[in-house]
Amino acid sequence: MSINTLDVDVSGQVLTPGDGVTTGDVVHLPIDVHVPVADLRNEFDNNTGSPGTFDPGSNRLFAQAVDGQFNTTYDNLIFSVGPVAPAPGSSLASQVQQVGRHAAEVTLNNVSVEVAKGLHPRPGHQRPGEVLRERLYHRGAGHGPEDRERPQGLQGHQGGGTPPAIPT
Amino acid sequence: MPLLRVTVQDGLNKAQAFASIIPYLDVLEPNGTVISESQGDVVSVLAAIPLVAPGSLKIKVNGTDIVPLLGLNPATRSRAGRTTAWSCSAANPVGVSDLIVRSAPIHQLSSNTVTLRLEGLGCGAHLITIEGTKRVGSIPNEVTPDCLVDDLMDTGTANGFAIHIFTPAPGEQVASGPVHVTARPATGCPSPA
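Protein chains in written order, with our numbering: chain E, 233 to 400; chain F, 444 to 636.
The set of hints was computed from the structure by calculation and includes no laboratory data.
Small disclaimer: the values here were computed from a predicted structure and weren't measured.
Glycine residues also receive a C-beta, built at the ideal position from the N, C-alpha and C atoms.
Any given hint might turn out to be false.
[To be verified] Calculated from the model, a selection of chain E residues having no Cβ within reach of chain F, i.e. all distances over 10 angstroms:
id : residue
1  : H260
2  : R273
3  : N274
4  : E275
5  : P283
6  : Q296
7  : T304
8  : S312
9  : G314
[Stated by the list, open to error] The following label-pair restraints were derived from C-beta to C-beta distances:
id : chain 1 : residue 1 : chain 2 : residue 2 : range
10 : E       : D251      : F       : V449      : 32 to 38 angstroms
11 : F       : F609      : E       : L247      : 37 to 43 angstroms
12 : E       : G244      : F       : I543      : 50 to 56 angstroms
13 : E       : V242      : F       : S619      : 49 to 55 angstroms
14 : E       : S290      : F       : D453      : 44 to 50 angstroms
15 : E       : T254      : F       : S499      : 43 to 49 angstroms
16 : F       : P588      : E       : N308      : 57 to 63 angstroms
17 : F       : L446      : E       : P283      : 34 to 40 angstroms
18 : F       : T507      : E       : T237      : 24 to 30 angstroms
19 : F       : G498      : E       : T255      : 24 to 30 angstroms
20 : E       : T254      : F       : T476      : 18 to 24 angstroms
21 : E       : F302      : F       : A458      : 24 to 30 angstroms
[To be verified] Just so you have them, the derived chain F footprint on chain E, three or more residues with Cβ under 8 angstroms:
id : segment
22 : 249-258
23 : 261-272
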């Protein structure tokens, strides 16, 4: 039994016998330990390591148990010691959540454009890519009265012709 | 005990069939099997049921007959079937899937097995008991003491092996060390090493 390579005493096992009909035996081992945090300054200065400790910042806690028949089970999680900065390489999904609804809509529209590649529009039918462009134009438009009128003009534009000019 | 077992393997898959001249019930899997929760927590159950009446089967998980909980009436539903999504309780839901009963009289081809999968039993020992009654006409009601008469009930045990970390919580920001770690490994058999 170990936690991040730190051996844990297994002498405190508790057996709860079952009745053999509705419950079986359960053996559990309460673990309650305090794992120290490494002194990185000291490790750098003295070129030493301190296994079985956590580091300041993000850590992965990995707990593993092996039984007498070498069956293995584990649990793990990530936590931090002290303050940590937001990870710059966080996932796209979390970035989208952080940026908010506006960015999420744009991302979805981009997906629809990728799907629409290679499709030929029927006469008089609007292509998905043009829908995206129109939405982006609408989002990128300014705040003057001409821009507010822009969506009405776009609704009348159909087919595969020249896209409307981008308002500046 | 004259129990004929036929096994076929193609290197990846295995199938077994059983036959006997008397009614016999034997839970072959699980047989003290250790199931690691971190590796799926799925228990495969296999029982041989030659000359056991399929309509009489009771499949008990820790003493609870799951057949009526699944909405099945084995007395009327004799064809092999599949069912899923049974929960033992809301607090500890257990999934049942691929429950298939294959049974036939002695003059018909059948593997004479009960198979199912149990998922999410959790840690500790779990008792899977299957019981039934003999097929009509398979053996006389009154036999001499020299005859072997199976009680048509058998229990297999699966040991769930798991470890759970309670503190720190996932994503928790601990102010400073040392870090208080609490966890609990549990199994149905003693001596985690």
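So, against the hints stated earlier in the document, which numbers end up violated here?
Numbers 1, 6, 7, 8, 9, 11, 12, 13, 15, 17 and 18 - these are the hints that the structure violates, sorted from lowest upward.
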